[in-house]
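For the protein sequence lines, the chains are D and S, in the order given. If you want this note's numbering, it's the 1-based position in the first sequence plus 49. If you want this note's numbering, it's the 1-based position in the second sequence plus 602.
These are calculated hints, taken from the structure and not from any lab test. Glycine included, C-beta positions come from ideal geometry on N, C-alpha and C. Wrong hints could be hidden among the right ones.
As the list claims (entries may be wrong) - Output of the computed footprint for chain D on chain S, the stretches with three or more beta carbons under 8 Å from beta carbons of chain D:
hint, segment
1, 609–621
2, 697–704
3, 764–770
4, 775–785
5, 810–817
6, 861–869
Stated by the list, open to error - Covered stretches of chain S (in silico footprint by chain D; criterion: 3 or more residues with CB under 8 Å from a CB of chain D, positions within the stretch not fixed):
hint, segment
7, 712–719
8, 735–742
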Amino acid sequence: MIDRYTSGERILHWLTAITFLLLAASGLAFFHPSMFWLANLLGGGTWARILHPFIGVVMFVAFLLMALKFWRHNVLSGNDRAWLGKIGDVIANRDDRAPPIGRYNPGQKILFWVLLASMIVLLVSGIALWRPYFAPLFSIGTIRFGALMHALSALVLILLVFVHIYSSFWVKGSTDAMLSGKVSRGWAKAHHPKWYEEATRK
Amino acid sequence: MALQSLDIERRSATTTPPPGAREQPQVAKLLDVSRCIGCKACQVACQEWNDLRSEVGHNVGVLDNPLDLDEHSWTVMRFAEVEPEGGNLEWLIRKDGCMHCADPGCLKACPAPGAIVQYSNGIVDFHQEHCIGCGYCVAGCPFDVPRISKKDNKAYKCTLCSDRVAVGLEPACVKSCPTGSIMFGTKEDMIHQAEGRVAELQQRGFANAGLYDPQGVGGTHVMYVLPHADRPEDYSGLPKDPTIAASVGAWKGPMKPVGLALLGLTALGAFVHYLKYGRKEIEHEADAGGERGQRGGA
């Protein structure tokens with residue numbers, strides 16, 4: 050087995066994941082009446098309204114610390130453009146036709162940067178909506194624009210995280226990697242061959 | 603409160619129709635600005651009927667008192683000194699408060715089921731027991747009317763005395779007005795009343811007198827007779843053509859079904875992908891260096 054994630058990285062990841070689920074549940078409850086029942090997961094509408102921003106700050110901090118650890122691995126480079134050209138083959142499980150990639154594939158890298166961007170937008174716009182503490186400091190026009198941006202970026206975030214979760218199930222062994230921190234040599238060689246070479250060279 | 607004698611026409615964050623067998627006449631309050639003397643009896647009557655009392659503030663050198671609407675002051679008199687070009691000084695007094703829009707921005711924005719309702723007679727009412735304190739109504743309102751209480755974080759505003767109207771009484775402010783500047787009745791009657799008054803004012807030299815019943819929000823159930831209807835902004839910033847803000851319209855309009863559809867399509871995509879292609883599994887684990895039988899990644 051090869052080490053892929055330290056315990057610290059895994060703690061940050063799952064802290065982000067759990068807070069994300071609570072935030073998505075309460076956020077979707079405020080977004081559309083058909084999902085208002087999800088507010089019950091946080092103790093009802095008023096509790097959801099109270100807790101959502103605090104949980105949001107926890108998610109942002111956890112994600113930011115994780116991003117500080119991972120950003121270097123997520124800079125687009127090398128074979129990435131060629132790999133993206135073969136995305137159809139990757140989706141169809143014909144990975145052998147795509148060029149070899151390193152620790153993260155370009156899909157994961159793009160996900161990383163869009164997640165980071167949407168979290169920043171969510172934090173900034175969320176502060177303008179945060180009652181009773183910060184919203185009174187902003188003009189109504191700012192709050193309106195903030196609400197729109199908050200909903201838009203949250204939608205992007207939720208859709209991408211959904212893709213992220215499905216991918217971890219799709220690529221067998223990925224969920225275990227984030228749970229145990231280790232991957233098999235076969236997994237590494239098949240999905241991240243250039244990283245496999247680096248990791249085993251040591 | 604939801605009273606049996608007032609049927610609910612629209613309910614916040616609710617996607618199914620409310621009970622609608624009964625039809626009720628549309629009501630309206632008509633504020634004839636030209637007859638208002640700024641005595642604030644309506645403010646007092648409002649606080650008295652609703653058992654509210656604003657904190658005693660400080661005199662800042664203007665007659666406005668309190669200076670703004672708050673969770674205890676659901677109506678305030680606003681006094682504006684205006685000098686139109688080439689004209690004389692005008693002292694314009696306007697009773698501010700909820701306009702009870704036919705298309706209420708607060709109700710559109712509210713995410714809490716049943717926290718904001720519109721009765722079939724047109725009154726827009728807040729049910730604080732369902733309010734979650736998010737303040738979206740503040741963002742939704744084109745008139746800057748709802749106020750969030752610092753004590754309980756619930757939203758408050760004029761109810762148009764829905765409790766009184768439900769039992770056949772006029773709102774408290776109407777009852778208290780010493781000059782008859784505030785009138786109440788069916789919307790049809792109030793428009794008729796206003797037309798007569800507007801004609802009168804026009805004869806007396808107020809060429810631009812008119813009725814303020816802004817159609818951008820579907821009309822309102824609180825209307826003004828304005829001697830200068832061509833410049834409503836002069837009446838302490840009454841918006842000329844109020845509408846629900848475009849950002850609120852997008853956020854609480856098309857974005858909701860589009861967002862739901864995108865979520866659904868993504869789930870559908872994953873479902874189809876899984877059944878068509880299945881999971882990425884590694885066929886020849888032995889080739890990879892001999893760690894057989896490892897769970898998960900194997």
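With a Cβ-Cβ cutoff of 8 Å, does the segment 810–817 of chain S contain at least three residues near chain D?
-> violated (count 0)
Mind checking, does the segment 735–742 of chain S have 3 or more residues with a CB under 8 Å from chain D?
-> holds (count 6)
Coverage of the segment 712–719 of chain S by chain D (three or more Cβ within 8 Å) = holds (count 3)
Check of the segment 764–770 of chain S against chain D for coverage (Cβ-Cβ below 8 Å, three residues minimum) | violated (count 0)
Are 3 or more residues of the segment 775–785 of chain S near chain D, judged by a Cβ distance of less than 8 Å?
-> violated (count 0)
Take the segment 697–704 of chain S, compare each residue's beta carbon with every beta carbon of chain D, and decide whether three or more fall closer than 8 Å.
-> Our answer is that it is violated, as 0 residues pass the Cβ test (under 8 Å) against chain D, missing three.
Mind checking, does the segment 861–869 of chain S have 3 or more residues with a CB under 8 Å from chain D?
-> Coverage by chain D holds for the segment 861–869 of chain S (6 residues, Cβ < 8 Å).
Residues of the segment 609–621 of chain S with Cβ under 8 Å from chain D, three needed, outcome | Satisfied; 3 residues make the cut.
Violated hints for the displayed structure, listed by number in ascending order: 2, 3, 4, 5.
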